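**Q** Using the sequences and the hints given, assemble the complete structure.
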Amino acid sequence: MTKSTMKFSITILGVSLVAFPLASAQIADLPSKDRAKLNDQAGQLFEALVPAIAKVSHGMVEVRVWRKRVGFGTVVEVEKVLAKWSEVRRDVRSLTCRSGDGTMLPATVVGIYRDADLAVLKVKGLQAKPLALNHENTLKLGSFLALARPDSEAAAMGVVSVLPRNLRETDRAFLGILMDLEFAGPGVKIRQVRPDTGAEVSGLMGGDVILKVKDRPVNGSFELSAFLQRLKPGEKITISYRRGKVKKETEVELGGRPVSSRIPYSRMERMNNMGGHRYSDVKEGFRDVIQSDMQIDPEDCGAPVVDLQGRLVGIAVARAGRIKTFIIPTVSIRNLLTSEPAKLRVGELAGRAQPVEREANNDPEGPFDVMRRKMEEMQRLMQEIEEMEK
Amino acid sequence: MRVASIRPAIAGFLAFSGSFLAELDAQIPVESLKQLRVLEGQVMDVVEAALPATISLFSEKSESSGSGVIISRDGLILTAGHVVEGLEDITVVFPDGKQARADVLGANLSKDSAMAKLQKPGPWPFVEMGDSKSVAVGDFVVALGHAGGYDPLRTPPVRFGRVVGINPLGFIGTDCTLIGGDSGGPLFDMEGKLIGIHSSIGASLMSNNHTGVNNFKADWVRLEKGDTWGKLTMNPLKNPDRPVIGFDVSGAVLGGVRLGKVFADSPAAVAGMRTGDVLKAIDGKSVSSLRELQGILAEREPGDEVELTFSHRGEPRTRKLKLARLADVVPNQQ
Numbered sequence: 001m002t003k004s005t006m007k008f009s010i011t012i013l014g015v016s017l018v019a020f021p022l023a024s025a026q027i028a029d030l031p032s033k034d035r036a037k038l039n040d041q042a043g044q045l046f047e048a049l050v051p052a053i054a055k056v057s058h059g060m061v062e063v064r065v066w067r068k069r070v071g072f073g074t075v076v077e078v079e080k081v082l083a084k085w086s087e088v089r090r091d092v093r094s095l096t097c098r099s100g101d102g103t104m105l106p107a108t109v110v111g112i113y114r115d116a117d118l119a120v121l122k123v124k125g126l127q128a129k130p131l132a133l134n135h136e137n138t139l140k141l142g143s144f145l146a147l148a149r150p151d152s153e154a155a156a157m158g159v160v161s162v163l164p165r166n167l168r169e170t171d172r173a174f175l176g177i178l179m180d181l182e183f184a185g186p187g188v189k190i191r192q193v194r195p196d197t198g199a200e201v202s203g204l205m206g207g208d209v210i211l212k213v214k215d216r217p218v219n220g221s222f223e224l225s226a227f228l229q230r231l232k233p234g235e236k237i238t239i240s241y242r243r244g245k246v247k248k249e250t251e252v253e254l255g256g257r258p259v260s261s262r263i264p265y266s267r268m269e270r271m272n273n274m275g276g277h278r279y280s281d282v283k284e285g286f287r288d289v290i291q292s293d294m295q296i297d298p299e300d301c302g303a304p305v306v307d308l309q310g311r312l313v314g315i316a317v318a319r320a321g322r323i324k325t326f327i328i329p330t331v332s333i334r335n336l337l338t339s340e341p342a343k344l345r346v347g348e349l350a351g352r353a354q355p356v357e358r359e360a361n362n363d364p365e366g367p368f369d370v371m372r373r374k375m376e377e378m379q380r381l382m383q384e385i386e387e388m389e390k
Numbered sequence: 001m002r003v004a005s006i007r008p009a010i011a012g013f014l015a016f017s018g019s020f021l022a023e024l025d026a027q028i029p030v031e032s033l034k035q036l037r038v039l040e041g042q043v044m045d046v047v048e049a050a051l052p053a054t055i056s057l058f059s060e061k062s063e064s065s066g067s068g069v070i071i072s073r074d075g076l077i078l079t080a081g082h083v084v085e086g087l088e089d090i091t092v093v094f095p096d097g098k099q100a101r102a103d104v105l106g107a108n109l110s111k112d113s114a115m116a117k118l119q120k121p122g123p124w125p126f127v128e129m130g131d132s133k134s135v136a137v138g139d140f141v142v143a144l145g146h147a148g149g150y151d152p153l154r155t156p157p158v159r160f161g162r163v164v165g166i167n168p169l170g171f172i173g174t175d176c177t178l179i180g181g182d183s184g185g186p187l188f189d190m191e192g193k194l195i196g197i198h199s200s201i202g203a204s205l206m207s208n209n210h211t212g213v214n215n216f217k218a219d220w221v222r223l224e225k226g227d228t229w230g231k232l233t234m235n236p237l238k239n240p241d242r243p244v245i246g247f248d249v250s251g252a253v254l255g256g257v258r259l260g261k262v263f264a265d266s267p268a269a270v271a272g273m274r275t276g277d278v279l280k281a282i283d284g285k286s287v288s289s290l291r292e293l294q295g296i297l298a299e300r301e302p303g304d305e306v307e308l309t310f311s312h313r314g315e316p317r318t319r320k321l322k323l324a325r326l327a328d329v330v331p332n333q334q
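Here the protein sequences come in this chain order: A and B.
Under this note's numbering, the first sequence is numbered contiguously, ending at residue 390.
Under this note's numbering, the second sequence is numbered contiguously, ending at residue 334.
To be clear, the hints were calculated from the coordinates, so they are not data collected in a lab.
Warning: the hint list may mix true and false statements.
[Claimed, not checked] Below, simulated EDC-like cross-link-like pairs (lysine to aspartate or glutamate); rule was C-alpha separation at most 16 Å, straight line:
1. 236(A) <-> 249(A)
2. 225(B) <-> 103(B)
3. 129(A) <-> 79(A)
4. 217(B) <-> 227(B)
5. 61(B) <-> 96(B)
6. 98(B) <-> 151(B)
7. 140(A) <-> 40(B)
8. 129(A) <-> 77(A)
9. 225(B) <-> 88(B)
10. 280(B) <-> 292(B)
11. 117(B) <-> 74(B)
12. 33(A) <-> 139(B)
13. 120(B) <-> 89(B)
14. 247(A) <-> 215(A)
15. 61(B) <-> 182(A)
16. 140(A) <-> 103(B)
17. 189(A) <-> 60(B)
18. 140(A) <-> 45(B)
19. 61(B) <-> 180(A)
20. 231(B) <-> 85(B)
21. 261(B) <-> 248(B)
22. 34(B) <-> 47(A)
23. 320(B) <-> 305(B)
24. 34(B) <-> 249(A)
Just so we're clear, the structure is a prediction, and the values are computed from it rather than from any experiment.
**A** Shown next as C-alpha cells:
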C-alpha cells in the first residue's frame, strides 16, 4: 500500500497468464470522493505507524552518491552502516551519509557481503546508536511490516507475503531428469536423463516410471519436484521405479541445480514492467529473504523494516517485481556480521557508474539487446493502447 | 487516456452513487497501532484459514498455469474463465505440493468466471463464500494466488490492500498487486469470506481486477452444468454479447435516467421509447443512475424479457420487450 492514491488508471492491459489470451474487467476512473476517502484512510494508517517507526528511525541514514540519494543505510554497529552494495558501488569514492538531524558525513566501504548485496560502510563521527539485532523470526504470513524513513514516517507498508526462504537455485537439490508431463500416472515417467547427474550415475533411464521417493508414493510431477526441491544437494535418497514390468530400486546422490540458462524476456517480465515501475538492478539469488508486498522504490533499499511493535525485523534489500519486495531478516543480518566481509576489488574502487554486475547473476545481454528489447516493449505497449482506443 | 466515449458519463455517475454508498457502509477507522494490530490479527487469521484451499492450476496441454480456490468439502473450484478456457481437465497443485486432478465444468467468459471440480470426493480444504455486492471502496481485503505459477519453495504470496473501485458489471478493483499465475486466485474480506476471483491487471499498481463472487452466484446452475458462453474482452462494456435495450443515457434526473440517442430498430425503438424519455424502472426495480441500469442489465442475457416503466412526454408507460445483443443494435461498436 502506498500513501498517495494515484489517479486510478484505466489503462487496463489485460494480462493474466503466461500463455492465455487477454481478459479484463475495467474499472472506471476513481471518483474524486472515493479517491479522497482512500487518501484519508491511507493517511490514517501511515500516521498510526509513526510510533513504531520512531523506535528505529534514529538508527538509519540516507546514503548518497555525490548529492543524490541512492539508498538508505541501517546502523548496525558504532559508526558502521549496512547499505545496498549494487547501489553504493556507483561511485564508492563520493559516498556520504545524512542522518535524521541533517548531519552529512563522508562514508567509506570497508567490506562487502556479496551474497546479500550489502556493503559495510564506515562513517566516522556518526552519532546514531546502533539498532538492536535481537529479533528472532516470529513473523507469520500476513504480519504487518513498515519501511522506516529517517523522519519517523513510514515510507511504505505491507505484509509478510512469503516466510523467509533461500532464492539461490544452486542450493537446491537436483536429480537430473526431465519428466514426461503428459504421463497420466500412477508415478512419474522419465522422458530423459541428463548426463553427469545423480540420476545417470544411479542407472535411471528414459522411460522408467518413478513410483516412490524415500518410501513416499509419488502422485505426479509437481509432487515429485516439490519434494525434491526441499532436499539438500549431497543427500542420498532411495527411489523405487518401474522399468517395463520390472520393479526396481536405486540409491541416488542428489546434486546441486546447475545455473539455468537465461529465461527469455518473458511475458512475466513484461507484466512486471508495465507502467514503467522501477526495480532494483540486483533483485534475485538471495540466500535468506522475507517476501513482502510493500511497494518501495529501488532507492529505498537499505532502510530498516519494523513490525507493529517497532522491532527491527530486517533490512529491505530489493524491489524485485510488481508484487514483491525482498527483506533480509534480522537473524540473517546478525549471522552475516559474525563473518568477515569481502574486500573491494581494484576495479570497484575506480568508481563512476560501472554497469552493475553480479558474479552469480551475470546478464549476458549487451546494450544493443537491451535497447532492442525496450523498443519492442514500447512498440507492444503502443499497439495495446491503439487497440484499446479503437 | 480515454477508452470509450461512454466512460465520462459512467465516471460521473460513480461519483454520484459513491456518496450514497459511503453513508451506508460502516467502516471502522484504523487510527492507532492498537487498531492496526487488530487488523493484522484478522489478516493473519484469513491467511491461515484460506491458504490450504488456494490451489495452483496447471494444464499439461497448454503448459500454462493459473490459480483457483476450493469452495466446498467435495471439491468445487472457482477460477477465472480464461484459466480453463478450452480445457477439459487440469492438474491441481496444493500449497504443500500435493497434486490431484480436476474436471473443468462451465465458464462465463464475459464475466471471466469458471468452475471446476476435483475428481476425488475429498474431504478437501475449502473457504466460505461471501457477498461481492456489499463490498465498498476502502474495505480491507486479502489476495492469495500462485503468482508466477506453482513454486514448491514458497506458499502462495499474501497481498493485503483495499477495494479501490467497483464496476457495474460485478468486477472489483483493489490495490492488492497481482501478476501472471495469480489469475483465478481468491480475494477475501476481513472475515475470510471469498468475495472475488483475480482476473486482470492494469499498468498502475492500483489496477488489479477481480470478478465478484456474485457473478458466479448469478450463473451457478449453468456453470455447474458445464456450459461455456460469453466472450473475453478488454472492455466488458464493449462486449458484443452484452444485453442492451438500445439507447444512450444523457443523464440522471429525479426518479430515473433520461434517454439520449435511441438506436434505430432496437428493442427500445420498437417499444416506442424516444430521446428525452425517462426510464424509471426495470421489472419493478427502480433505476436512478446509469450505474444502476448497467447493474440490472449485467444480471440478464440477450433474449430475456423485461418490463420497462418509463415516461414518454410526461406520460407514464409500461412496455415488455426482449433484450438484444449489443452487436445487433450497434454493429460498429468493435
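**Q** None of the hints should be skipped; say for each whether it holds.
**A** Status of each hint after checking the structure:
| no. | hint | verdict |
| --- | --- | --- |
| 1 | 236(A) <-> 249(A) | 13 Å, holds |
| 2 | 225(B) <-> 103(B) | 12 Å, holds |
| 3 | 129(A) <-> 79(A) | 8 Å, holds |
| 4 | 217(B) <-> 227(B) | 14 Å, holds |
| 5 | 61(B) <-> 96(B) | 23 Å, violated |
| 6 | 98(B) <-> 151(B) | 12 Å, holds |
| 7 | 140(A) <-> 40(B) | 10 Å, holds |
| 8 | 129(A) <-> 77(A) | 8 Å, holds |
| 9 | 225(B) <-> 88(B) | 14 Å, holds |
| 10 | 280(B) <-> 292(B) | 11 Å, holds |
| 11 | 117(B) <-> 74(B) | 8 Å, holds |
| 12 | 33(A) <-> 139(B) | 15 Å, holds |
| 13 | 120(B) <-> 89(B) | 13 Å, holds |
| 14 | 247(A) <-> 215(A) | 14 Å, holds |
| 15 | 61(B) <-> 182(A) | 8 Å, holds |
| 16 | 140(A) <-> 103(B) | 34 Å, violated |
| 17 | 189(A) <-> 60(B) | 14 Å, holds |
| 18 | 140(A) <-> 45(B) | 10 Å, holds |
| 19 | 61(B) <-> 180(A) | 12 Å, holds |
| 20 | 231(B) <-> 85(B) | 11 Å, holds |
| 21 | 261(B) <-> 248(B) | 5 Å, holds |
| 22 | 34(B) <-> 47(A) | 12 Å, holds |
| 23 | 320(B) <-> 305(B) | 7 Å, holds |
| 24 | 34(B) <-> 249(A) | 58 Å, violated |
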